[in-house]
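Asker: If you want the building blocks of each chain, they are given just below.
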Amino acid sequence: MKTTSEHARTIGELSGALASGETSSSEIVERSLAAIREKDADIHAFLSVFDDDARTEAAHADTRRSKRMGRGPLDGIPVAVKDNILVRGNACTAGSRMLGDYIAVEDATVVKKLRDAGAILVGKTNLDEFAMGSSTESSAFGPTKNPVDPTRVPGGSSGGSAAAVASGMVPAALGSDTGGSIRQPASFCGIVGMKPTYGRVSRYGLLAMASSLDQIGPMATTVDDAELLFSVLCGPDPKDQTTVAHPYEPDHAERRLRIGIPKQAWGEGIDGAVRDAVMGTVRRLEERGAAVREIDLPWSDEALAVYYVLMPCEVSANMSRYDGMRYGIRVAADSLKETVASSRRQGLGAEVRRRILLGTFALSHGYFDAYYLQAKKVQTLIRTGYEQAFRDVDVVITPTTPTVAFTAGEFSQDPLQMYLQDVFTVSANVAGIPAISVPSGAKDGLPVGLQLMGPWFKEASLFAAARMCEDVNA
Amino acid sequence: MKLSTEDVLHLADLSRVELTASEAEAFRDECSSILDYVDRLGNVDAAELRSMKSESRPPHADGWRSDVPTPCPKDARDAILAAFPDRSGEYLKTPAVFERPKKEKRA
Chain D
1 MKTTSEHART IGELSGALAS GETSSSEIVE RSLAAIREKD ADIHAFLSVF
51 DDDARTEAAH ADTRRSKRMG RGPLDGIPVA VKDNILVRGN ACTAGSRMLG
101 DYIAVEDATV VKKLRDAGAI LVGKTNLDEF AMGSSTESSA FGPTKNPVDP
151 TRVPGGSSGG SAAAVASGMV PAALGSDTGG SIRQPASFCG IVGMKPTYGR
201 VSRYGLLAMA SSLDQIGPMA TTVDDAELLF SVLCGPDPKD QTTVAHPYEP
251 DHAERRLRIG IPKQAWGEGI DGAVRDAVMG TVRRLEERGA AVREIDLPWS
301 DEALAVYYVL MPCEVSANMS RYDGMRYGIR VAADSLKETV ASSRRQGLGA
351 EVRRRILLGT FALSHGYFDA YYLQAKKVQT LIRTGYEQAF RDVDVVITPT
401 TPTVAFTAGE FSQDPLQMYL QDVFTVSANV AGIPAISVPS GAKDGLPVGL
451 QLMGPWFKEA SLFAAARMCE DVNA
Chain F
1 MKLSTEDVLH LADLSRVELT ASEAEAFRDE CSSILDYVDR LGNVDAAELR
51 SMKSESRPPH ADGWRSDVPT PCPKDARDAI LAAFPDRSGE YLKTPAVFER
101 PKKEKRA
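Taken in order, these protein sequences are the chains called D and F. Using our numbering, read the first sequence as starting at 1 and increasing by one per residue. Using our numbering, read the second sequence as starting at 1 and increasing by one per residue.
Because the hints were derived from the structure by calculation, they are not lab data. No false leads were mixed into what you were given.
Pairs of lysine-lysine residues, derived as DSBU-like cross-links and limited to a Cα-Cα distance of at most 35 angstroms, are as follows:
(1) F/LYS93 with D/LYS239
(2) D/LYS337 with F/LYS2
(3) D/LYS239 with F/LYS74
Whole structure, please, built from the sequences with the hints as guidance.
Answerer: See below:
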């Protein structure tokens, strides 16, 4: 589709307009900064904006292009980064008072990769404190609003990134996903969000939440844009020992898609309109020749419980570094122990402290076997279930979330209800498989997301299937 | 699994987070309801694990990085020092590890 640079929104359109000389990176970045100035007072997607650096970098990109030394399709394109990913010399708050004044010492590996590809970092986006939440309401710096309906949450924890992309402030952003934190906000805001296979993308420079589950991934308005960003982010990194060398090649081959619909995922608790919107897309895929079958994913009902044991255990360990000693806020008290406790009291919000307590409990003597060890065993069962399922199907489809975006404050008094938001997304983290959320219709004007999950390291076929969903709904 | 307020305060002490009295009560109820939910894992018969190949899938950590110090660039070093909440020259200042003996309580 040919669009003028004025209306270009996708990376594909923008880089086309750059290549034809119709626009410059400086113009694109000015438009992005203007959109942030105009809209962000209401939406609050950004915690910091790098006006000066972005302008300088855009001028460099334009110079490169004029010398025919452009770095490819991301060169000169503005991108936002979730504020739990380090950008050297800039604040990195993780949405927490604990790191309110913290300045990043170096770039995260993904930020280096973005820079090497020529992307322009325009700012850092809001999130639930330390990425713990599903609504971006637990940010110490105030909530982000959903651009589709400002009375509703944008989802979380990457709610700032989702809102920035959905409102057209930037064409793409990075999020992080430990239990659904990329896919659920993408679903609530009507964009594409993707969590790669565990081990695909380096987390060096990501403030760790639950290290065995965390992944960084792309958020964008189209599947192609998300795939482009993913292809830049992925790859081995000696600074993250979980990353593996699996070359990535996009897959544009025509083939018959085999879709699995897990019977466990379509039971109670799903909004009927959400179910219909997702099944509508599945039916259209079937009309275009996809093979759809119901599959059994034994133990997948247990994924949320596994997640809410393993995640807090790892949180309690990872958060112990925020002790007010080497960085972050320090609140002096009579003794070292009291100084640590009062610093954490001042610095960490209720949700973070709740998860630390739960993790401390589940790891404590006498409970370790019943909680942590049992959860690790059930995790292996869940992985095995997916392994078996992927012998017969290419992708598994579920709704991304059981409902559309909820209203601000709806679950603030009931953490368990908030946690149930993650019921469809956590499986992919627990199993370590890649998953993507794509828009699939709406309920009363509020976007519905469809989730596709694929086998380990088969992101290419996952993106290909996601493109088919996009096509049948175009 | 139900936690008592005392349990919650003990966990808070272990994990070095302070709670107000009302927070301790709220956390007691919230954590108890979360634990009630995750207790369903106890009903899963994990003995099935023995009959299947476990963990045939990637990824695993690709070996350990050798435990060798690498030089830190000067600007990064300066930024790390600048982030110290309290310092004395190039040293990080912390409260004393051992507490001063508290004054004896009178009987």
